[in-house]
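Trainee: Here is how the chains run, residue by residue.
2 protein chains.
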Amino acid sequence: MTSDTGASHISSRDNPLLKDLRKLAQDPGAYRKLGRIWLEGDHLCRAALARSVKPAIAVFSESFWPKAPAEWSIGAIKTVVVADSLLRDVSGLESPAPMGFVLDVPARPELLPDAPSVVLDRLQDAGNAGSILRSAAAFGFAQVIALKGTAALWAPKVLRAGMGAHFGLRLIEGVDADVLDSLRVPLVATSSHRGDWLHKADLPHPCAWLMGHEGQGVSAALEARASHHIRIAQPGGEESLNVAAAAAICLHASGAALLAE
Amino acid sequence: MTSDTGASHISSRDNPLLKDLRKLAQDPGAYRKLGRIWLEGDHLCRAALARSVKPAIAVFSESFWPKAPAEWSIGAIKTVVVADSLLRDVSGLESPAPMGFVLDVPARPELLPDAPSVVLDRLQDAGNAGSILRSAAAFGFAQVIALKGTAALWAPKVLRAGMGAHFGLRLIEGVDADVLDSLRVPLVATSSHRGDWLHKADLPHPCAWLMGHEGQGVSAALEARASHHIRIAQPGGEESLNVAAAAAICLHASGAALLAE
Numbered sequence: 001m002t003s004d005t006g007a008s009h010i011s012s013r014d015n016p017l018l019k020d021l022r023k024l025a026q027d028p029g030a031y032r033k034l035g036r037i038w039l040e041g042d043h044l045c046r047a048a049l050a051r052s053v054k055p056a057i058a059v060f061s062e063s064f065w066p067k068a069p070a071e072w073s074i075g076a077i078k079t080v081v082v083a084d085s086l087l088r089d090v091s092g093l094e095s096p097a098p099m100g101f102v103l104d105v106p107a108r109p110e111l112l113p114d115a116p117s118v119v120l121d122r123l124q125d126a127g128n129a130g131s132i133l134r135s136a137a138a139f140g141f142a143q144v145i146a147l148k149g150t151a152a153l154w155a156p157k158v159l160r161a162g163m164g165a166h167f168g169l170r171l172i173e174g175v176d177a178d179v180l181d182s183l184r185v186p187l188v189a190t191s192s193h194r195g196d197w198l199h200k201a202d203l204p205h206p207c208a209w210l211m212g213h214e215g216q217g218v219s220a221a222l223e224a225r226a227s228h229h230i231r232i233a234q235p236g237g238e239e240s241l242n243v244a245a246a247a248a249i250c251l252h253a254s255g256a257a258l259l260a261e
Numbered sequence: 001m002t003s004d005t006g007a008s009h010i011s012s013r014d015n016p017l018l019k020d021l022r023k024l025a026q027d028p029g030a031y032r033k034l035g036r037i038w039l040e041g042d043h044l045c046r047a048a049l050a051r052s053v054k055p056a057i058a059v060f061s062e063s064f065w066p067k068a069p070a071e072w073s074i075g076a077i078k079t080v081v082v083a084d085s086l087l088r089d090v091s092g093l094e095s096p097a098p099m100g101f102v103l104d105v106p107a108r109p110e111l112l113p114d115a116p117s118v119v120l121d122r123l124q125d126a127g128n129a130g131s132i133l134r135s136a137a138a139f140g141f142a143q144v145i146a147l148k149g150t151a152a153l154w155a156p157k158v159l160r161a162g163m164g165a166h167f168g169l170r171l172i173e174g175v176d177a178d179v180l181d182s183l184r185v186p187l188v189a190t191s192s193h194r195g196d197w198l199h200k201a202d203l204p205h206p207c208a209w210l211m212g213h214e215g216q217g218v219s220a221a222l223e224a225r226a227s228h229h230i231r232i233a234q235p236g237g238e239e240s241l242n243v244a245a246a247a248a249i250c251l252h253a254s255g256a257a258l259l260a261e
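As they're listed, the protein sequences go chains L and U. With the first letter of the first sequence counted as 1, position 168 gets the number 168 in UniProt numbering; the numbers rise by one all the way through. With the first letter of the second sequence counted as 1, position 161 gets the number 161 in UniProt numbering; the numbers rise by one all the way through.
What the hints contain is simulated information worked out from the structure, not anything from laboratory work. One should not assume that every hint holds.
Stated by the list, open to error - For lysine-lysine, the following PhoX-like pairs were computed, each having C-alpha atoms within a straight-line distance of at most 20 Å:
#: 1; chain 1: U; residue 1: Lys-78; chain 2: U; residue 2: Lys-67
#: 2; chain 1: U; residue 1: Lys-200; chain 2: L; residue 2: Lys-200
#: 3; chain 1: U; residue 1: Lys-157; chain 2: U; residue 2: Lys-23
#: 4; chain 1: U; residue 1: Lys-157; chain 2: L; residue 2: Lys-157
#: 5; chain 1: U; residue 1: Lys-19; chain 2: U; residue 2: Lys-157
#: 6; chain 1: L; residue 1: Lys-148; chain 2: L; residue 2: Lys-33
Stated by the list, open to error - Over 12 Å on every C-beta distance to chain L, these chain U residues come out as not near it, computed from the model:
#: 7; residue: Leu-17
#: 8; residue: Pro-66
#: 9; residue: Leu-86
#: 10; residue: Arg-122
#: 11; residue: Gly-195
#: 12; residue: Ala-224
As the structure is a prediction and not an experimental result, all values here were calculated from the model. Cβ coordinates follow ideal geometry from the N, Cα and C atoms, glycine included.
Sequences are here, hints too, so could you generate the full structure?
Mentor: And the structure:
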């Protein structure tokens with residue numbers, strides 16, 4: 001796409017859109033206030049397009065804009081071209097990307113009572129949250145329910161770690177544990193110290209896996225709601241696993257059990 | 001420990017030890033030049049002590065020092081107390097810890113030809129490297145071999161993600177793939193697109209798992225050395241998994257196979 005017909009150019013640092021982009025890129029919770037998401041770099045933008053997401057704004061650096069594939073701006077409601085140094089300034093990354101999309105925050109989807117699900121209970125780390133979303137999508141889980149106190153799922157760091165998984169999942173965030181009452185699939189709690197060994201367990205399918213806080217694990221109240229309790233054998237005797245590693249193991253076991261049927 | 005007998009105090013920002021600590025805390029490869037490692041926070045320091053590591057220097061903030069457990073300085077060759085604001089300045093963390101250890105970089109251990117192992121092939125991300133070390137230790141792997149081009153394993157971010165696993169593993173880093181010739185255990189390559197399905201595979205034990213670069217996977221040359229090739233079924237149809245998630249799944253499957261014997 002070498003023509004820039006229809007694109008507006010930004011060359012002032014004080015432009016209001018740039019101010020918003022800086023907030024969205026650098027403050028994990030800013031999207032909740034601004035109602036928009038910043039998707040940086042071609043990999044994530046392609047993943048969004050592949051799922052028919054329509055960007056509100058396609059943003060390009062001045063030097064990248066002439067070589068940008070047409071599909072990246074054709075789908076967008078608006079196209080904006082930003083001076084290179086200003087767009088670099090927006091990014092929270094060490095290697096800023098020369099393009100990105102602004103998306104409207106998706107409306108919260110209805111909870112599917114029978115879908116294979118993952119429940120995040122006050123998970124703190126953005127990288128862990130993104131990695132779990134990626135594993136959930138890979139292993140055929142349809143929805144992720146993030147209880148209040150969990151990292152903001154549409155934050156840039158979670159989006160990067162999710163590698164596009166966000167667009168293939170129903171993401172229900174900021175909700176109380178009471179919403180779990182409407183799930184008809186059994187709740188399976190992971191624990192570092194109790195329950196059946198995963199490698200011997202008969203896993204229910206579909207089910208909803210509970211993944212807990214990095215330090216504290218799944219809360220006692222939530223554990224009490226679960227019908228199944230699972231732990232992962234650690235022959236090396238370490239005290240615990242990273243929660244995203246534990247989630248990968250459990251979600252794979254669920255997926256593999258299904259494949260073996 | 002309320003006495004500070006034997007501790008030296010630092011109150012100048014230009015103190016040479018503080019300069020070194022800042023480098024060690026903030027530059028992932030600094031330990032290779034300086035020959036020392038910075039271990040920040042009580043969790044990692046306890047993990048080192050539990051494995052009988054003797055710190056070269058125990059470092060405390062002035063306000064924390066009076067309440068620091070005696071064991072933390074008794075084992076150290078030297079104890080240093082630093083003005084609170086200066087120690088905060090050392091840290092690369094959002095919430096700097098009030099204590100840490102300086103360790104000498106361990107001598108490179110001999111490679112054990114028959115040990116269950118993990119081989120890292122140009123793995124880039126520090127968080128992934130640390131998470132894989134943690135999973136390796138949990139699932140009974142004895143050594144990790146990091147080929148040239150892999151993230152520096154004793155960097156602060158890898159240490160934090162490893163959560164103490166470093167001290168229970170033989171870590172052999174910065175080596176050429178030729179060292180793998182001396183392994184007598186079979187090499188098992190992970191792939192996103194070829195090989196046997198993990199959930200149906202007969203895994204050799206002990207073995208050495210090859211985990212590759214985040215974008216490129218295991219190199220073709222290394223894949224060609226492997227006697228087994230394994231991939232992970234992804235019923236959700238995503239293109240690939242995070243490498244630390246894939247490693248967790250594979251290493252757990254190896255460990256579980258052993259437990260089931």
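Trainee: Compare the structure with the hints numbered earlier in the document and write down the numbers of the violated ones, lowest to highest.
Mentor: none
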